[in-house]
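> Here is how the chains run, residue by residue.
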Amino acid sequence: MLLAVLFFNLEGNILVERFHGVPAEERLHWRTFLVKLGSDNLKGAKNEELFVASHKSVYIVYSVLGDVCIYVVGKDEYDELALAEVIFVITSCVKDVCGKPPTERLFLDKYGKICLCLDEIVWKGILENTDKDRIRRLIRLKPPADI
Amino acid sequence: MDSSGTTLMDLITADPSSVPSGTSGTSGPSANTSTTSSVAAPPSTLGKPAAQTDRKSKRSTLMQIHSETISVAKALNPVKTNIMPQKQKKKPVSYSQLARSIHELAAASDQKSSQKQLVHHVFPKLAVYNSVDPSLAPSLLMLNQQCEDRSVLRYVYYYLARILSDSGSQGLSPGGGIPTPNWDALADIDAIGGVTRADVVPRIINQLTKEASNADVEFHARRLAALKALTFAPSSNNEILAKLFEIVFGILDKVADTKQKRKKGMFGGKGGDKESIIRSNLQYAALSALRRLPLDPGNPAFLHRAVQGVSFSDSVAVRYSLEIISELATKDPYSVAMAIGKLLLPGGALQDVLHLHDVLARVALARLCHTISRARALDERPDIKAQFASVLYQLLLDPSERVCFEAILCVLGKFDNTERAEERAAGWYRLTREILKLPEAPSVSLKETSVESKDSLPPKPSKDKSQKSRRPQPLIKLVMRRLESSFRSFSRPVLHAAARVVQEMGKSRAAAFALGVDIDEGAHLSVYSEATDSLDTDLNETSSHSEASRKASSVSNGTTGKDTVASLLASLMEVVRTTVACECVYVRAMVIKALIWMQSPYESFEELESIIASELSDPAWPSTLLNDILLTLHARFKATPDMAVTLLEIARIFATKVPGKIDADVLQLLWKTCLVGAGPGGKHTALEAVTIVLDLPPPQPGSMSGLTSIDMVSASDPKSALALQRLVQAAVWFLGENANYAASEYAWESATPPGTALMMLDADKMVAAASSRNPTLAGALTRLQRCAFSGSWEVRIIAAQALTTMAIRSGEPFRLQIYEFLHALSLGGVQSQFSDMHLSNGEDQGASGTGLGSLISPMLKVLDEMYKAQDDLIKEIRNHDNAKKEWTDEELKKLYETHEKLLDQVSLFCYVPRAKYLPLGPISAKLIDIYRTRHNISASTGLNDPAVATGISDLVYESKRTPAEPDTLDDDLVNAWAANLGDDSLWSNNATAMNRVNEFLAGAGTDAPDVEEENITYRPSVGYDDMWAKTLLEASEPEEDDARSSGTSSPESTGSVETSISSHFGGMSYPSLFSSRPSGYGSSKTSERASAPGASRFSDPSVGSSASMFEGLGSPRYESFENPLAGHGAQSLESQDDEPSRSENRQFGKALYDFTAGGDDELNLTAGEELEIDYEVDGWFYVKKKRPGRDGKMAGLVPVLYVSQS
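Sequence lines, in order, name chains A and B. With positions in the first sequence counted from 1, the corresponding number in this note's numbering is that position plus 251. With positions in the second sequence counted from 1, the corresponding number in this note's numbering is that position plus 193.
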């Protein structure tokens, strides 16, 4: 299960969050935990360099892209390597939508599209599409494979 | 201005030119005053509307908003919307403005400008909120029907899905964002025009169902989107589910039955004809939807369609189909195996999956193969099982680490979180024994029976080049090579995963050892050694396109000559150890866990010890990780009890290095488990390992020398010094509690009659006799005696208590020895003798020398009374013997009462088995037995048995003899109980630590992590305030808004009432969340601790009630150090009575007025409803209804004033 996808800016403000199967009262802990993780480790990190953490049987993979930090949390079949795949899809889509590693302004300008992309990538806690061309088609309501 | 004061909406709507990019704070001040003044309110993602006093004003506002929006929407003329002018004013767009815009623009959706505004301004901003108002649904549906623009439509599907998925409780919707109110509750308030989810959901479902069933070719992209949106409907609704199944199976009926082979290539469809592409798209959509629907095991149609999916051309569809099948296989392996058997044949679709681009599809294949190859149901079909096993082994060569590791874990028997030792042991056996035979290799296929079928098929395109030299390979070698190369990766996730795989390997290996599975790790794998060259080429070829680091795998080629499992393991562990140098602490933790698991009980653990010691010196380790490792030690011990001493040694490093970061309860539990598990021979050593903590020199502040020495205590800061102190207390307590168990010395089993001790009143002789008789106990005694003098005040108290425990439980001469020592201690007279040992900690020792006099005197009194009673008894016996007269019933009764009285007193200090313990000495056993038999007194309950106390037993049990309980008790068990070590109790006694251990062992636990620091660093860009204050109210009633926002700072304000309630009921307040956790953190834990020792120590310690006393086991830190005879009993009574009284005090009431829930935890009321009142909090009742209300809710909060109590 893909428990959560979160985007933070560099100051630790949440930009986007998508939880699945995380009780409401635990979300606060996750946010806090992830921000702390980022502030401890992400200083000076390269774009798209992958970081890993775990808590009990839950895995966290996170990365920084431009001015945006991306966190993916999963368990069971979504272990650290599967999450690395997920975060790869997400970063490539964000880059695709923004045209480059986004500044915070750019990210916010493309907010709607990024939400749609996420909707195509993660669907009810399960990874859906992984190909960015396909995702690009789907967010324009074109069929996944073009005729 | 602090950026936390800025909402995401502020950021998005802020004029880019006035805001430097990246700095989000500046747009805040430009907002109007009501916004800025209200942002200081505590974040509440629940988005709960304000408390009841605000209700009326809200209602009026809402009415206004609703009538506004509706009238505007009804106007239907193409209005110029006003969203842009607002942006120019640099004011954040409010939700109500967005909603109004949607209504207006929907009405004008045929115009290009409207569409543009929707796509570029309205819809993206709406995405910021975490739920969507159901009243938007009519406009969205209108757009859905009338608008042609694909981008608009995509958003429309997105929002329709969100309305469907919203369970009505905004806090639970999957999308985060600015919290929104409970729309349904709002609609209820507004009686006339309110739109609830219940109103719109059927309309949305109808519309989407229609679209999803539309077979028009031109429409099929929208059909896909509609189907996807439909799956967001809550799966609890059977009607919707039935519809979805109908649609999905309808689509599959049309498109699934295809004989076409999947085309190669990433997505299959490229260059295909239109019909097949559309079919493939529909297949994908149908299977995606099917994957989100609940499994239907036992339904042949369901299985049939899922199996067909394996042959689809869309890789995502194939992945889903495999995932569904592999889940079905865990429930019904036989039918699944029968259904997919054909696909597994060479050239079948399952073989194609091996080369499919989608990683998760291959992961699902590995799981499927594992499930079927291990299925009991298929025991009669070994051929099928072997086929699937062979595919699983082939996946070990997969270029993706994710797939390869999954295959390794499957081979190892690690499939899900259920740990079954037999399965794991079999896994290790498989890994070390099995051979990978690649079906393509001619040399192998000749041996197979189905030669023709294999040869007739063309080889797989991607494997052409390696075709020539495929030979059988031992799995272990493949796996080791692969892991070694993974450990050379630069990617942290890969390192973490590889270490995890090694850990699982260690678990399986430990299970194999524990179950005695015969694996000779020293045996050569030389049978296959000639194949190693080809193996290397294989590996290099299959993984050539993954990371460059893989090249390094050739390094290990030197070892291929004569490989044994042991040598392969050794070379792997060498690589694993070097990974400790990784800068990521989580990877290091996983590596250490792997090392702990791979540590064999027969090898030296010095290397592991020094690795851990040097790791622990790194301050970067978070305490959760350290505790995780401590729990790993636990798990390791459970797997291999032989390692008790080794593990204790390692645990000691934690105690000395990072006392402040580890959970002392968990450490204690580890001591205890190890002590029990060490067996008769190891008990002594185990106890020694624990007590080494006591021999440590006190921490020296500021000293940095010896950071890596494990014998140095590093507790330089006050917090860890305190923690170390508590740990020492725990160790002292542990020693007192368990020394008798470790030494197998019990008063009630003592062979030495009490009289003999009196012969040895000379102290020196006594000590000599004691240590020669039982060195373990004598050693523990010496340590405790030293602690009673030289520790800090708290340690001394516990040492004195521990000594008393030992005095009571031990036979002579130990009891007398302790008695003398305690006596001296209370006077302080002996201190001069020990002064050379005494390490001053700057404390005033008090006038009595030790300051322990008042504490010790009741203990001495009990011992005094015991000795006195023993003397009296001996005198009496002598009198009776001399006079040659029988004991009268009266005399026996007096004797028995003395016995009981002493038992009661003794039980106040420590647990003793009532049935066996003889405070009057062994000599009294016979007389007491006579009395008990005569009066049918059960030994375990004694006079406390009400039947005995009131004399009823004399009447009732006159003729029949009750079976004596002592006979039914196993001696060892009683002794273990005496030390609180009974096996059953072990796993139920220490609630908090136990929960953690059990949870860890079960591999469960996905609950949120704790962050140690008190200040929360994350700032939700949302939830700075309620929707109310922020947007809906700001325009119309600013003065009220001001009042509210200023009120939040005052304790009497409605705002604070609201927050206190929400925090009380799983709300968002930080500290209370900790206390609501089941494992018990923070405040609740401390209160438990405060009451537990009292309750446990002074509860009736009969065997029957042993459970209650075990609860206190993990609480050596007695919070209160007053005379234990004084206040504790009452306290324990109170704490025990607490629970029942709460449940008895149920109150009932009746609703006086209608009440509309304003939030998730509130409950709708209809006047006159009967209620059961659970409890009251801050002006609210938590009530339960007799039957569920209109909204289906049974229980929740209502204002006190709305209920009349009956």
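None of these hints come from the bench; they were simulated from the model. From a predicted model like this one, the values you see are computed outputs, not experimental measurements. We put the beta carbon where it would ideally sit given N, CA and C, even for glycine. One should not assume that every hint holds.
Taking CB as the label site, the calculated pair distances span [stated by the list, open to error]:
| hint | chain 1 | residue 1 | chain 2 | residue 2 | range |
| --- | --- | --- | --- | --- | --- |
| 1 | B | Pro575 | A | Lys351 | 40 to 46 Å |
| 2 | A | Pro274 | B | Thr611 | 22 to 28 Å |
| 3 | B | Gly541 | A | Pro274 | 55 to 61 Å |
| 4 | A | Lys351 | B | Glu341 | 55 to 61 Å |
| 5 | B | Thr611 | A | Lys351 | 21 to 27 Å |
| 6 | B | Glu432 | A | Lys297 | 39 to 45 Å |
| 7 | A | Asp291 | B | Leu1345 | 36 to 42 Å |
| 8 | B | Pro487 | A | Pro274 | 16 to 22 Å |
| 9 | A | Pro274 | B | Asp609 | 38 to 44 Å |
| 10 | B | Pro592 | A | Ala296 | 49 to 55 Å |
> Where does the structure disagree with the numbered hints, that is, which hint numbers, in rising order?
1, 3, 4, 5, 6, 7, 9 and 10
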